[in-house]
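**Q** Line order of the protein sequences matches chains A and B.
Residue numbering for the first sequence follows this note's numbering, starting at 1 and increasing by one per position.
Residue numbering for the second sequence follows this note's numbering, starting at 1001 and increasing by one per position.
Read the hints as simulated data drawn from the structure, not as lab findings.
Take every hint as true, because none was put in to throw you off.
Listed below are the simulated SDA-like cross-link pairs for lysine to any residue, each with C-alpha atoms no more than 20 Å apart in a straight line:
no.: 1; chain 1: A; residue 1: K44; chain 2: B; residue 2: N1087
no.: 2; chain 1: A; residue 1: K517; chain 2: B; residue 2: L1266
no.: 3; chain 1: A; residue 1: K44; chain 2: B; residue 2: G1032
no.: 4; chain 1: A; residue 1: K517; chain 2: B; residue 2: A1030
no.: 5; chain 1: A; residue 1: K565; chain 2: A; residue 2: D542
no.: 6; chain 1: A; residue 1: K244; chain 2: B; residue 2: L1055
no.: 7; chain 1: B; residue 1: K1069; chain 2: A; residue 2: S296
no.: 8; chain 1: A; residue 1: K44; chain 2: B; residue 2: A1092
no.: 9; chain 1: B; residue 1: K1052; chain 2: A; residue 2: R208
no.: 10; chain 1: A; residue 1: K244; chain 2: B; residue 2: P1058
no.: 11; chain 1: A; residue 1: K244; chain 2: B; residue 2: V1057
no.: 12; chain 1: A; residue 1: K244; chain 2: B; residue 2: N1054
Source: prediction; values computed, not measured.
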Amino acid sequence: MQAIGRKLFPYLAAILLLLAAYFAVAGERRAPADFTFVNGTEIKSIDPAISTGQPEGRIIRALFEGLVNWDPRDLSSTPGVAARWEMSEDSRRITFHLRDDALWSDGTPVTADDFVYSYRRLLDPLTAAQYAYQLYYVVGAEKYNRGQVAVGDRVEIERFDPPSGAPPHARGELLRGTLLEYAEAFVDDPAAGKTELSDDEQRERLRRRVRMYTIEIDGEARRFKTGVAAFRDEPEFDAYEPVKQVLVDFDTVGIRAPDDRTLIFELNNPAPYFVSLTGFYPLYPVHRETVERFGSPDWMRPENLVGNGPYRLEERAFRDYIRLAKSKTYWNAENVKLDVIDALAVESNVTALNMYENRQVDWTPVVPTVILPELKKQDRDDLRVAPYLTITYFRFNVTRSPLTDARVRRALSLAIDRPEIVDKIMRGGRTAATSFVPIGIEGYESPDCCQHDPEEARRLLAKAGFPGGKGMRKLTLLHNASEDAEKLCQAVQFQWHDTLGVEVELVRQEWGTYQEKVRNLEYDVAIAGWIGDYVDPNTFLDMFVTGGGNNNTGWSHAEFDAIIKERAPRERDPEKRLALMRQAEEILLAEMPVVPLYFPERNYLVRTYVKGLHNNILDVHPLHDLWIDEAERERQTAPRRKR
Amino acid sequence: MIAFLLRRFMWFVITVWAVQSLSFFLVRLAPGGPFTQERNVPLHVELAQRAKLNLDVPLYEQYFGYFGKLFRFDLGISDRQPDFTVNEIIAAGFPVSASLGVLALLFAVALGLAAGIVSAVCRGRGWDVSIMAAATLGIAVPSFVVASVVIILFVFVWPLFPAAGWGEPANLVLPAFCLGAPYAAYIARLSRTGMLEVLSQDYIRTAYAKGLSTRAVVLRHALRGALLPVFSFLGPAVAGILTGSLVIEKIFAIPGLGVHLLNAALQRDFTLMLGMVLVYTTVLYSMNTLVDLSYRILDPRVELT
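In isolation and in its complexed conformation, chain B is listed as follows:
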């Protein structure tokens, strides 16, 4: 296990280096730069801004300079938000996105699993059909539509929650719901499929033959098997959900990280973009490793390599 983790870590370092290097050069290839403004700036100002952002030195110098600082976990000052360092921006946004993500996930797993199990057990009956219809809808309807509907319902028609903002528990409910809904739908479908497959296995028949109740069979014996596909989905899903959602964060004015991944690229905020890529790489990589570990725990036959 420790050897496994060490190996993983080594690959992690290599991955980060490769992804960062690629991103480093790619952002510099795009037209424009962090100094591009709505108004055209005179050449001497632009050159001064370039110099200020250390973009006027040769490329290799920028590259080694960047990695030198990266080793000390210093991502530099944001090119477009010069009042903050990238470390500060991530430190401010990540807990927000993560909090929201965890709630959304909690909701998605609870609802999704319950729906999936009920659906599989009641296969072909009314419950199954309506749950799967709802799940298909949940996957197909984009989150901004879901958000608009819940805002109309729960902010204006029945004023239970604030329209947007951050800082109070009530602010979390609607965005967490909107963020979690499509994941819940996926999980419902996955766990239903997994469950159906497990339910047709011999050992389930044995369990029934022993005289166990449906409930005991489903919860004690079948559930674990049904969880495997859900877990492999959860790895990347958690990475996505923890680093925030552009649409949901914008609609609900949430100061999370989701906006940066796209905006930093669009605005050519080189330092912030590289920082965001680093965060995303790290979270995705850790989640995949965790998923592999949890396979091992859920199913002892799985070997860690």
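Pulled out of the complex, with its shape left as it was, chain A reads as follows:
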């Protein structure tokens, strides 16, 4: 037996290897698409409610459609599912009128109820949607999303299981009533005997929270509790019925559908950009029936997904490609030119560039910045440069000495030679920052800042008590270990030392740790970046209100808060509102809890035969607007074919 085995072994091994090799190269090839582009890293999800990135946006915009679309030329709102809309006198109520011919890909009409369902889903705390706050302009939405209730509120109680007869992934059975009493308890409270809690302790405490509700339902007082099972089920809470969650009644939230074709929003304050916001992809609708029938993630599989966008999901191969095919049910299908589109998942920008240069793809949305100067030298007509609503900056931890002193912060900013960093160190692809809010928002003029003035910098630092950097402790500069961040930080380290005599130590941390440190204010100076969510200075300024979720500098300024939170939202006149914004930015730049460094540009390569791709500051390029000049494509590819 063993002898036979020994004789056969080499042959067996060879056959096995050959078989494996055959399987490796066998397999069907897919037909080429009309348009192929690089879509960056594999998208996180195609569920509009939980997606956040650019690559996700490109796919979701193809599969679904919101109330309005953004014109790629100027980002103005054009009719989407809504054919028209109007604002009330006091501009706090917006009424959308849906078009009759908007259909889901299964042929059923898109109704106002679909939007109510989708927005409730986005606001549901259990969805844990990062972009839920985009709906906070709507009356009651924030309260619903945060799960806040007050005695006297009308509330909805969600039980664990869906009502009988409902699809398996529908919400739990709902009871409605009025809140009579509310109490909360913390099991083994970590806060007991403490006055101040760290973030982690706060999290741990909330995890141990049991919330108890007494609710009047049809004249009868009933008791319910919510919380993590292990804590909720302690014997002391036995008198209460466990339920999934208790929220304010969604009927009290200002989103209503009086009929199939009308959708009304009641806003807390006049928000001039709310109409445009409904064109942001997290606010796109999802198909209730499939979501509730299949649940996540099965409802998003190509065979199950029902969308209302210009394309449908034909195939999805993880980290490989997504194939989109034109939808026949889309109301504007006659104006959708491309039939089949392939979105390739390519992580490396350099690989993407190789594929573009090798004519495997028609568009690559991000060009590696190291190669940019070289490409610019070639003077090619397929390289596009577009301003982008984003900034790279430094945060100062203003709770740590000597950064508590605004003079020190200003001195550090004045000592940075931004044009040199942009041109010589980073070698293009960016514009030196002249303000915190990036250039390009129509009607908004930022205050000027960020000159390079070594004299003034030294003077300020001396005034703050550190002449020539003497007596100043060594600062740490935290960055997130990306190549660009490292280069930038080294340049600034050198400039600060050279101009001010300030010693800086670079601290490199991988992403997760970096974020923890920034969030917990465990740094002196930290690199940061921000991309605007919508075209308004507010998206850059409101993160620095006291205690804002993305503030992370410890900075707090009463007047700044008042403008951002109170005065600007109340201002009806758009021009005056922008003037207030400018005032807020002036405060920010005078106080300098942040140092603007540069505005990254968007650089991309797209074949000249691809038409309908326009530059705009949100870098949004809806696929359904694209078309291909076949004659030009023929001309460009012909010489290569001959070879």
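Guided by the hints, dock chain B onto chain A, whose structure is given.
**A** Quick look at chain B alone, frame taken from chain A:
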């Protein structure tokens, strides 16, 4: 033999349990979590996300929950890629990495063995020196450099192959070459050493004395002995090569598994990371067992214990 396999399997189960438990707790000790985002999320959203990923229940409950599902081969939904289950991600990536790996291996073994044998037979001569120089270079030069060079040569200068991508046989050639090159170099060195050792044995002299040609001596008598060190190298090497290479997969945009082992850890994708550790443990363990078996087949004196 069956007893051997059974014993091995028992140890396999224990190994998997130990490695999984260790990884389970280690990933949870690292700062951050799957809900850490580029932007700071408000506390209530973060808590909801924690709850969604079942990370808010006590640790022991998470632990038993995880192992309960593991027994049913259900690795759960990926924490960071919620559109896919970990089983799906592995099922999508493993065949890709394995296909590429097998080709790379085929190439590495064929080239490496041939080079090693030629080198040993021509010991000290020009062939030997140049092959060993090439092998040293192959080991020393990192794969991204090799990849860059072959891309410049065979994609742009002489356009034979696509720059990157997956789905066609032509897509396999360059990455398989880059992936296999360092292994080929190792195998060449190992088989040369093994061969030299065997060639100095008495039975080889006997074979020559019988009047056999060099070719017959080398291929029939010496080769088998020379294979042993190569095989012990191949076990772990195959495990590495089959589970994919981060660098090669990134450069050639190949949807394999190699990226996950590192990325899942960096992004704190707990479920995917544990899944990847499981795959790696399984492949490594099976390969080592196979190698032990093949020793027995190649050299009857080896006892299986």
